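J.: Which chain is which? The protein sequence lines are W and A, in order. Note that the numbering used here numbers the first sequence so that position 195 is 195, with each residue one more than the last. Note that the numbering used here numbers the second sequence so that position 62 is 62, with each residue one more than the last.
Keep in mind that the hints were calculated from the coordinates and are not lab data. A portion of the hints provided could be inaccurate.
[Stated by the list, open to error] In silico DSSO-like pairs for lysine-lysine, Cα to Cα no more than 27 Å straight-line:
#	chain 1	residue 1	chain 2	residue 2
1	A	Lys170	W	Lys387
2	A	Lys203	A	Lys223
3	A	Lys107	W	Lys387
[As the list claims (entries may be wrong)] Restraint ranges, calculated between C-beta atoms of paired labels, are given here:
#	chain 1	residue 1	chain 2	residue 2	range
4	W	Thr230	A	Asn210	49 to 59 Å
5	W	Gln419	A	Arg66	38 to 48 Å
6	W	Ser444	A	Glu23	36 to 46 Å
7	A	Pro168	W	Ala380	20 to 30 Å
8	A	Lys170	W	Pro482	39 to 49 Å
9	A	Glu40	W	Phe327	35 to 45 Å
10	A	Glu23	W	Phe327	18 to 28 Å
11	W	Glu346	A	Glu23	36 to 46 Å
12	W	Pro291	A	Glu149	47 to 57 Å
13	W	Arg314	A	Asn167	43 to 53 Å
Please read these numbers as outputs of a predicted model, since none were measured by experiment. Virtual Cβ for every residue (Gly too), placed ideally from N, Cα, C.
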Amino acid sequence: MSAAASPLRLGRQAHPSPLGSSAEGTATARAVPRPGVRSHLRVRLGVRARVTAAFALGALVVSASMAMITYAAARQSSLGEQSAAVLRQAYVNAALVRSTLRSPGPDIVGLLGSLDSVPGSNSVLYDHGRWYATSLGVGQDAIPAAMQALVVTHGTPAHQYHPVNGVPQVEVGIPVPEVGAAYFEVFSLQDLQRTLRILALSLAGAALATTLGGAVLGRWASGRALRPLTEVAAAAAAIAGGRLDTRLETADEADLAVLASSFNQMADNLQARIEREARFSSDVSHELRSPLTTLATSVQILEARRHELPERSRQALDLLGAELRRFQRMVTDLLEISRFDAGAAELSLDEVALGEVVRQAVMATGAKDVPVEIDPGVAALVVRVDKRRIERIVANLVGNASTYGGGVTRVGVDARDGQVRLVVEDAGPGVPAEDRSRVFERFSRGSGSGRRGGGQGTGLGLALVSEHARLHGGRAWVEDRPGGGARFLVELPASQL
Amino acid sequence: MANRILLVEDDERIRVSMRLALEDEGYQAEEAAGGEEALEAFARRPADVVLIDIMLPGMDGLDCCRALRRVSAVPVIMVTARSDTHDVVAGLEAGADDYVTKPFMIKELTARIRALLRRARAAGPGSGPLVLGDLEVLPDQGMVRRSGEEVHLTRTEFRLLCELAANPGKVLSREQLLERVWGYDYFGDGRLVDVHVRRLRTKVEQDPANPGHVVTVRGLGYKVVP
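Pulled out of the complex, with its shape left as it was, chain A reads as follows (with noise of 0.2 Å):
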């Protein structure tokens, strides 16, 4: 069973292109070229991996992942014609897992695709509840409950959490976490990193603004504190 990847994109001859590209791969591509498109298209039949350009008529990339996000924790990677911090750091906090910057090699995205499909199917590190004060962690089960309460987090998010919480107390470096959560070799972005955290902080923190279970390293990394 192919796995089926939803294109969000208005420029029709980029459309088709990254179509055919990623058919070739053993994909199965969908096309979409604006964003209300593309959640009924969603909504009809979900993805397993969705690519957003983040320039589109109407409803933009950012309010098409928005969007997405309120509904699904499917992976997505953000495309935008800018490397610059600001484009990036809007589409990570869209809530997009991954980044490409336009002109892309395909080999690059289909390497981007091919690991956060691998990081949706694993199901972490396998090991037994982790707990961490009032959050308690089950990657067997891919959820995490905050005072007894789930908390909803992406497949990226939680994988970041899980490799934090196996190693209570240890520093792991962004190029490390690069390389466990996104499957990158040193080459990664360390602003992925970054964001997914600031993101998943939100969303476990007391006070986001003074974390008790993430905290930054200065010059280091991120541990979680046992």
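This is chain W alone, in the form it adopts within the complex (with noise of 0.2 Å):
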């Protein structure tokens, strides 16, 4: 029952988890509720239970009747063999009464005293209305008063089986009518039933044993036979972690080596799968840049020598070099966002006052006169922090409520339980409440008619706004802005000096 008796183990390199992005704290990442895994647990669990309890009923049941035979055939065979013995005594005796008690002037304290006799039994002797016992404490009380009648009476001679107590004796009743007498014997089965009990003790230990032993064998079994299908659930459970090179060790025997292989194979493919599509978009992005660096160098080009192009050339110009623009940052947030699919995403942590950062940053958008309240107690906070992605995040957000909210209105920054937070609000439509998960997903845009602009953003700003502060081990969300518009929130643990 060693452990090492398992036909199938966890092959895993030590590789950081691609996937693993998908943790708590997010306005994206949802937990869904994914019923299936409980109930699946429950059943595995039942069929062991169910396979233990079957063992040790199988055993219960085999072992019980096997008790109770051996009990019913030892005690019958027992009790015949010792009423044989009685009866054959109590002849013998009744024989030696009759020829005693015959002879002239008989000796009766003699012939009791001669009379054969094995351990438990007890002679008593009728004779002529007189009763004669062998021992002090059996004697003519001991027999039933019936049995007197039958036997002393009528001549007839009787035995029977009767307790007394609670102690089951043989009584022996033999007429000796030549010389008017009878001999009782009066046989206790006190040890024979000693015997019995322990011996029916015994059995009943021995099937309790065999119960446990058939639950025990049960559990070990069921254990073992769905060893691989724990070990497959292991693996499976390990991969949607996102730790997609877990594979099973393929097994020596034949039927396992079947499922771990096609298991493997099945995560080979996934793998694959989610590798290919991660390095897709990544692909695409660099494809893009050589031509968007032709594209926007000579749009540039053009750009400055404006005044030499007519009205409507200028005007085309300004709408290529719009749209350029866009794509270019369209561009940049793909392939940072597919760093974040493929797993690439590295924080590059430095040491920085965060309030400055942030003040910088808005500074940097080109947003005017926005007031940004640093909270005395962040003013001087030095935390540890990706510079870079800080930026991005408030430029995104800012660049949000730009495109969506009117304008950004106050941007703040404040720390409390360990946490810095960074505020970014506006006073536009707000984000209704169905969509304020939705927003921080790709490419989505909210279902509120009253959003426009919409030609002005990539569909990831906020996205990765979520991802960078996830990255960070934070997490991002909107709520109402008290008096209209939308409130923007990012958290991000304070790692302090």
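Put the two chains together into one complex, using the hints given.
T.: Structure follows, in structure tokens:
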């Protein structure tokens, strides 16, 4: 029953989770209830319990019937033997009584002393209305009245089995009419009863032990039989948790090897597909960079000569330039988000004064006259964060506010409970409650018809905010701004120096 | 006299568009489609600034930069397709002074070129020789001696050392150094400073792993021990 009996084992390389970013804490990641998992577990435990119970029950039935049969047979044969021995002895003794009492001047006391006796047997003699006994405790009283009448009065031999004070005994009565006497023998079955009781106890103990053994065997056998499934379940859970390179070791046993190899095949395909998908957007964005560089450079050359162009060409150039810049932002954002998907996003931590970083980042967005309120507790706070990502968070939130919320009205930074919070508010239409997690999804533009200027964003800004926050171990969400508008919040753990 | 810029880029369209843009900005641009070609062109006629694409067929941009560094302290800007730490740091480690990420804005690129040219021309904070233990910094001559022997520094490394040495014992933050050495506003990349300090240490320190001259002040920046 050792663990080494396990036919399948988990094999896993020590890679960080490529999809491990699906942790808690962001507006986009929602714990979707998976009813299947729990019920699956219950079924599995049920099978084990049922097998265990079946083994125990089987063992109980078999061992209990064996015990009962054994007990009955033993009791039957011991009783029969004892009864036969007692009868035999009683007749021998009765013959001795007859021959002794026939002789003149019989010595009754001597007769009683000379009678054959097995342990537990007592003789009682009736002779012309007088009773004699070999033992003080067993006399005329020990013989039931009915039997006395039957034997003494009617001269019929009798033999009966009858418990006295819970102790079974056998009484045998033999009339000796030639001499007007009767011979009784009272045989106590106490020893036999004790022996049978011990036998019964041992048999019950054996049955109990067999039942327990059956239960243990059932538990072990079911566990052993289900172990491959347990390991498959663990491997599947590991893969679902993002460790895509988890594989089962192929077993020696043929039917388990089939399970393991098809499981591994499935995992290979899944991993390849996920990696291909993650690589695809990264590859696409990379390939777009070269033409985009040429485009951007050429458009900038044209823009520098804008004054040389006729009016209609100028208009066309402006459209071209604006769309090109949006396209450029989109490629940059796609590339960024594909790094998250590929698990290649790494924090480049720096010790920075957060308040100052946020203030500068707001300034860099070109949003003029935006009050940046830095909580006095944060002003001097130096935290370890990825400065570039913080700047992206600020830029994307400010950009979002100006695209959808009519412009940012306030940016705030505060700290509490070991967390630092960035707050970006606008006075726009706000985000309806049902859209609040969806706005952090990729390419979601919200359902609100009041949203305007949709042509400016890349559709990835808030998704990136959420991803950047999550990479820091924080989260992003949106709520109502008191007085109307949206309030976007990003909370990061303040790992201080 | 216009400043000469050597453009090393294998994609012809990007190369031509960059040349046009740089010429519009008043620079004289020379094109090279590969690493070897670039080295030959530079040997024929040194440029004032070299732009190197990191992904080149044959000799790649990193090797090209290292080869260039062996013969010259010319300002080098690495053009990367990715802003990942790996590519950026590799480019800086190879000896580049700065980097831009594709697709870039011409204005951003020319700002960096201008800053590098300013740095190349400026003779450092005009002051007399500074002595730091076995190090002797001569800002006027653009020269550093360690135990009397000249140490070859790139211009960026030299400026970095001069800024730190001019304020012995005083901690300068990455932002301050970016502003003073690279001439950038707040939005420069702190990795520029870190990598250059690392490279500077390999040249001026006895034991770069345990620096005695340029030390890190955790969470704040760097300082020179007087």
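J.: Could you run down the list of hints and mark each one as holding or not?
T.: Each hint tested on the structure:
1. The suggested pairing of A:Lys170 with W:Lys387 holds, with an alpha-carbon distance near 24 Å, which does not exceed 27 Å.
2. Between A:Lys203 and A:Lys223, the direct Cα distance comes to roughly 17 Å. Compliance with the 27 Å bound is thereby established for this hinted pair.
3. Simply put, A:Lys107 and W:Lys387 have alpha-carbon atoms about 23 Å apart, close enough for the 27 Å limit, and the pair holds.
4. Between W:Thr230 and A:Asn210 the CB atoms are about 53 Å apart, so this pair conforms to the stated range of 49 to 59 Å.
5. W:Gln419 and A:Arg66 have their C-beta atoms about 45 Å apart, which keeps the hinted 38 to 48 Å range intact.
6. At about 44 Å, the CB distance of W:Ser444 to A:Glu23 agrees with the hint of 36 to 46 Å.
7. Between A:Pro168 and W:Ala380 the beta carbons are some 26 Å apart, a value that agrees with the proposed interval 20 to 30 Å.
8. Hint check: A:Lys170 to W:Pro482, Cβ distance near 46 Å, so the stated range 39 to 49 Å holds.
9. Remark: the range hint 35 to 45 Å for A:Glu40 to W:Phe327 is upheld by a beta-carbon distance near 37 Å.
10. Under the hint 18 to 28 Å, the C-beta atoms of A:Glu23 and W:Phe327, about 26 Å apart, fit the expected range.
11. At roughly 39 Å, the beta carbons of W:Glu346 and A:Glu23 sit within the given window of 36 to 46 Å.
12. Between W:Pro291 and A:Glu149 the CB atoms are about 50 Å apart, so this pair conforms to the stated range of 47 to 57 Å.
13. The hint said 43 to 53 Å for the Cβ distance between W:Arg314 and A:Asn167, and at roughly 50 Å that hint holds.
In summary, this structure violates none of the numbered hints.
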